[in-house]
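Protein sequence lines, in the order shown, are assigned to chains H and A. Residues in the first sequence are numbered consecutively from 259, following the working numbering. Residues in the second sequence are numbered consecutively from 7, following the working numbering.
Hints listed in this document are in silico derivations from the structure and should not be mistaken for laboratory results. Heads up, a few of these hints could be off.
Said to hold, decoys possible - If the Cβ cut is set under 8 Å, some of the chain H residues that face chain A in the computed set are:
1) 315
2) 316
3) 317
4) 384
5) 387
6) 398
7) 401
8) 403
9) 425
10) 428
11) 429
12) 431
13) 432
14) 676
As the list claims (entries may be wrong) - Okay, the calculated bits of chain A under chain H, using three or more residues with CB under 8 Å as the criterion:
15) 401 to 414
16) 423 to 432
17) 466 to 477
Glycine included, each C-beta is placed from N, C-alpha and C at the ideal position.
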Amino acid sequence: MIELPLWLVPTAPIVLVLALCIPHLRPYVRALVPLAPLPALLVALADPFPVPIRIDFLLLGTDLAVTETAAPFLVFTALLWGVAGWQLMRLLADDPAQNRATLCFLFAMAGNLGLLIAQDMAAFYTFFAMMSLASWGLVLHGGGVAQTFAGRVYIVFAIAGEIALFAGLAMGAFAMGDLRLSAMTGDAVPVIATVLVSTGFLIKLGAVPLHIWLPLAHAAAPAPASAVLSGAMLKAGLFGLISVLPLGQTALPEIAVAFAAMALAGLALAPMLGLVQGDPKAVLAYSSIGQMSLILLGLSAALAAPEIWPLIAPALVLLAANHAFAKAALFLGVPAVWSVERGGLRIVVLAVLALPALVLSGMPGTSGWLAKDALKAALGAAPEGWAIWLGAAFFVASLGTALLMMRALFLLATAAYKPEIARDVAWPWLAMTSLVIFGLGVVNIAPDAPKAFSVAYLLPLATAGVLTALGGVILHYAGLRIEPAAPGELLGMVRNVSQPKPVLSPVPAKRGHPLVSRRPATALLRPEHGGLAVLSIAVALALVMALMPATAPVAPSSPTAEYAQ
Amino acid sequence: MSEFLPIAILMTSLGVAPIILMMPEHASRLRTTVNLAAASLKLALVVWLTFVVVQGGSPDLRFTVAPGLDLHLKADALSVLFLALSAILWLITTIYAIGYLENGVDRSRFFGFFTLCVASTVGIAMAGNLFTFLIFFELLTLATWPLVVHRGTAEAHRAGRIYLAYTLGGGLALTFGTIWLYALAGDVTFTPRGVLGDLPQTDSIALIAIFVLLIAGVGVKAALVPLHGWLPLSMVAPAPVSALLHAVAVVKAGAFGIMRIVYDVFGVETVQELGLSTPLALLAAITIIWGSVCALRQDDLKKRLAYSTVSQVSYITLGVALVSPLAAIGGLTHLIHQGIMKITLFLAAGNFAEAQGVKTVSAMNGMGRLMPVSMVAFTIGALGMIGVPPLAGFLSKWYLGAGGLQAGQPAVIALLAGSSLMNAAYFLPILYRAWFLDPPEPAPVRRKLGWMLVIPPALTAALIVAAGLFANAPFSPLGWTRFIVSLEYL
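With the hints as constraints, model all of the structure from the sequences given.
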């Protein structure tokens, strides 16, 4: 294979950005967008990895390298950006602001690919900021009320994350006297620096309660942009956490507890909040929150018990890659569904779309099942106290995902036909769907050997099916209908900014009456989002505190006792 | 030969200013030629001087005015930092000003005082002792006043009066401080690590009083709160004047004065022993926050930028006041970084006002589509101010943060975080309006901009990117400040 220099990875999209400034070149640039991540894919698949390079005059001295950890991330990130770019160019072919969107897309791509190979803090932080800020443009692109609101929430969280990251990195670099990113895992790094840096990444990962921006942004952005936001950029948060936490080296019990609490809150909240959404993309976004919570659970276990990290790491990467492909396929499928009228063809499209949905729900035999099982097996080696509620957590996760998938597919089945969308947006989606099936073969991780099939594996899916059927029957015979919640959760309490109305699926409005009558808009605290969120977080926290293993409650001998002797 | 470089550099502006002032108004081609030739010549000479200083040379010229009172011109590494900034930005601003005032009135007066203004900054940069510094500092005050009131409106005259009241008051404090110090210590030659530390048996109360007088004197120009009131008012001046005022001339002269007083008159150790570094750092911190808070409340674009200057220039003061080499690198390099970022913002803002008549933030809708080049430049400047990497502002913040930790003041990190947050809060809404909202229909075009107005902000924006991206290169602002700081803190 040809030896590609590493600097080409972030430079390829940036060269296209520069070319975009020349009006005559714009059609060619748009045609080349899907190929911009190609260098990244090639360096990630090269064997052996390309030689690390150091560019001394750049920033504070830039180090680029493909590491063992980064390679799988680089593979799925590059594939996702390529396919999503393909669909974005088709979707926005007649959009008057397509150049702006292309520019933001390319900058975000350069940032996302670059941060995976950056070895020093300045370069990493540069790429991370490039990705976060450029995505703002993708979220805002549509220009409607929903986009304005989502953009405002997104940028507040993004800037807060950037600043936390800056403060943490600056402290870590000073404490270690070292500008390499790996220095953040050192013993001398103050805890506050680790907490700050982690906060920056947890915002990107969408960990509850730092997730509020996520469903808004994913629902507001054009579908292919949501695909990379969810499939690739959330994983940048995971990659960041893996890079800066002393995983496998030092136990950080306090941070582990905090992570576990956030993870459990996310697992519980994601389906609850997601099911009341009326926008299929918002539902998919909540499912991402659930999946990322599962990943966070793995990280928290590794922080509590460093010795099991070698088992957990491949499982997390597998889970991340699986989610990346499946969720991207689902998001890319949304415009494909919109482009066909309700009827025969739409059923076919939905049937194909059910494939990644099943993979994501962990249907036995699929890669999603393998990934979840690998994590479950790795967590089996966790300390005593964990085992009790791990089973429950996994069941809730699978059940929640399955329910959300059904909700999303239902909403898509009833979604309005959008004749303005060309049908050829389906091609990138089909390509991504085939990647769901074959893509994990490219990502070089050996999953555990397929296990013997057991009926127990089907339990969450079956439960979800039964619950959905039951719910449908009850709704039908009681004459009730589901009234979607307004986007924004806790922010639904704030009334002085114009907020988007809930997206209503075009079900005839008079088919039933809502279970909870809507309060007037002046009501400050509305139970269907704010209260629910606060309550669930509190419950999850209490749950963790009650169930955490009694680590060291050996009563310390008080100093007064010594004096008494 | 190189011994005469300081006087040659000074003459490229000080000697040219009277010539331009005496030119007839209609001789615009001749005036333009002289202007550009002088600015280019000065840039070339500064490049030469840089190489002389790198090789360890330090051209030094003394003229005795009266016994014990010398006019002393000396070029050291710190001078070169400020000289390079003023030479590059003077050339760019001159090009812009020529385009901006193409059909204006009183252009000979304008360019004459414009040149005199730059001559004063050159003198300030190369002043070898406090007396010379004082002379050029006062010359700067007087040379700037005709530029502030150039438009001749009632508002301009009011701003000019307030400007004079503040700066002449500051000048008085500086003069008293200088006289007192000369009475105590004789001729105060600027020397790395200070000259007062070796002074036997000095009364520390007197030294503290002198320090307060000197800092108050230069602090007016550096717009330290509560001495900043004149700066937001003087934005009534034409755009190139605002740009020069905020990036190179007046404000920077104040910041540079603080550097000279702390580093080369007192010396950081003496300042610390006198217990003056923490109050100065605190004052800088208050200025940083207060400037940002005020900027948030402005709808007038230039006023918002002016308050942003109040805040950002105090980064330099903060870097000087935190007794730590890393903070010093951050502060010194911000002298350059803030200069190129703020000049970009002001030149772009001038273009918005000239071409579209847009002077307020709320009228910025769709500006990205109407004036893409100027708006890209503005965007780069604004992102740099927020501290987004890889732009220049990020490096200043990075080093200031590390310097705060080095000085045992972790609160600096919180200060920088808060400042970045507020910078984002007052710059990002502008970018949002410009790039994501539609322009008003029909778009009113007041004036088609020539290349002389469009190229300068694009050029300075490119400098912002280059200064950040190639920070580790030998002649980047960062590389040069590392060199200076190694002299001060060895």
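Here is how each hint holds up against the structure:
no.: 1; hint: 315; in the structure: holds (4 Å)
no.: 2; hint: 316; in the structure: holds (6 Å)
no.: 3; hint: 317; in the structure: holds (6 Å)
no.: 4; hint: 384; in the structure: holds (4 Å)
no.: 5; hint: 387; in the structure: holds (5 Å)
no.: 6; hint: 398; in the structure: holds (5 Å)
no.: 7; hint: 401; in the structure: holds (7 Å)
no.: 8; hint: 403; in the structure: violated (13 Å)
no.: 9; hint: 425; in the structure: holds (5 Å)
no.: 10; hint: 428; in the structure: holds (4 Å)
no.: 11; hint: 429; in the structure: holds (7 Å)
no.: 12; hint: 431; in the structure: holds (7 Å)
no.: 13; hint: 432; in the structure: holds (4 Å)
no.: 14; hint: 676; in the structure: violated (23 Å)
no.: 15; hint: 401 to 414; in the structure: holds (count 7)
no.: 16; hint: 423 to 432; in the structure: holds (count 4)
no.: 17; hint: 466 to 477; in the structure: holds (count 4)
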